[in-house]
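Participant: Single-letter residue listing:
2 protein chains.
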Amino acid sequence: MLKGQEYTQLFQVTDKVYNGFIETFKDTNPLHTDDLFAKEKSFSGKVMHGNILNGFLSYFIGECLPQKNVIIQTQEIKYNLPVYLNDKLNFYAIVEDVFESVNTVEFKFYFSNENNKKVAKGKIQIGII
Amino acid sequence: MLKGQEYTQLFQVTDKVYNGFIETFKDTNPLHTDDLFAKEKSFSGKVMHGNILNGFLSYFIGECLPQKNVIIQTQEIKYNLPVYLNDKLNFYAIVEDVFESVNTVEFKFYFSNENNKKVAKGKIQIGII
Numbered sequence: 257m258l259k260g261q262e263y264t265q266l267f268q269v270t271d272k273v274y275n276g277f278i279e280t281f282k283d284t285n286p287l288h289t290d291d292l293f294a295k296e297k298s299f300s301g302k303v304m305h306g307n308i309l310n311g312f313l314s315y316f317i318g319e320c321l322p323q324k325n326v327i328i329q330t331q332e333i334k335y336n337l338p339v340y341l342n343d344k345l346n347f348y349a350i351v352e353d354v355f356e357s358v359n360t361v362e363f364k365f366y367f368s369n370e371n372n373k374k375v376a377k378g379k380i381q382i383g384i385i
Numbered sequence: 257m258l259k260g261q262e263y264t265q266l267f268q269v270t271d272k273v274y275n276g277f278i279e280t281f282k283d284t285n286p287l288h289t290d291d292l293f294a295k296e297k298s299f300s301g302k303v304m305h306g307n308i309l310n311g312f313l314s315y316f317i318g319e320c321l322p323q324k325n326v327i328i329q330t331q332e333i334k335y336n337l338p339v340y341l342n343d344k345l346n347f348y349a350i351v352e353d354v355f356e357s358v359n360t361v362e363f364k365f366y367f368s369n370e371n372n373k374k375v376a377k378g379k380i381q382i383g384i385i
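Order-wise, the sequence lines are chains A and B.
For what it's worth, this note's numbering labels the leading residue of the first sequence as 257, then goes sequentially.
For what it's worth, this note's numbering labels the leading residue of the second sequence as 257, then goes sequentially.
Don't take every hint at face value.
20 Å max Cα-Cα, derived DMTMM-like pairs, lysine to aspartate or glutamate [unchecked claim]:
#	chain 1	residue 1	chain 2	residue 2
1	A	K334	B	E362
2	A	K324	B	D291
3	B	K374	A	E332
If you are wondering where the hints come from, they were derived from the structure by calculation, not from laboratory data.
The following block holds chain A by itself, in its conformation from the complex (with noise of 0.2 Å):
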């Protein structure tokens, strides 16, 4: 991996992924899960889980890179907008830095939605193993 490449993958919050996260880690806060209670706090409904998107992440370090030999070794994300039921978001990511001493690979990347709005971003750094 070099210093300035990019990567782009589309994920979309479906039923299964929201269903799948809620059964796995019994995350059913009404935020999540009642749509009258976003409402009343202001959202257009519930507010997806801003987890499922460190579970995207995890897809893409596992599983979209040119090597498999990789392990995460930090994470960082700021949640900017929410994001809802069946969002589809374009997933960017850049090779910020690349320390070759040490074996490790940095990543900025944003998550942004149908009307490209940023409703994501963060740094994620990885171990070549």
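With the hints as your guide, set chain B onto chain A.
Facilitator: Chain B alone, transformed into the frame defined by chain A:
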């Protein structure tokens, strides 16, 4: 929530959690699914996805706090040691700061394993909505 308040929670990376994560997010990288590959990379066996811990964080914020009207704004995590299938993890979090003017609360957290080693640590900032 008040500065200095502490929370603890026990989590386990059961087969159900592990399989649920893979079924939901499709990250079948060999490090996470192939004991031989992981051992060649000098791990004791297949390494659990780091983002399983972020799923546990979702549960903590959504379900374990004294109030439900919360949303994650930012989060960061550093992975220190591998987590293996069936590992029991002690989660510890402390309220590091409360910013009443903007209705945000910042936690520091870590996960430790049964050998009392910290496997991951980080920060998470939530908004009160």
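Participant: Given the proposed pairing of A:K324 with B:D291, does the C-alpha separation stay at or below 20 Å?
Facilitator: OK: A:K324 and B:D291 at ~14 Å, within 20 Å.
Participant: Can the restraint linking B:K374 and A:E332 be considered satisfied, given a maximum Cα separation of 20 Å?
Facilitator: Holds, at about 18 Å.
Participant: Are A:K334 and B:E362 close enough, with their CA atoms no more than 20 Å apart?
Facilitator: holds (13 Å)
Violated hints: none; the structure is consistent with every hint.
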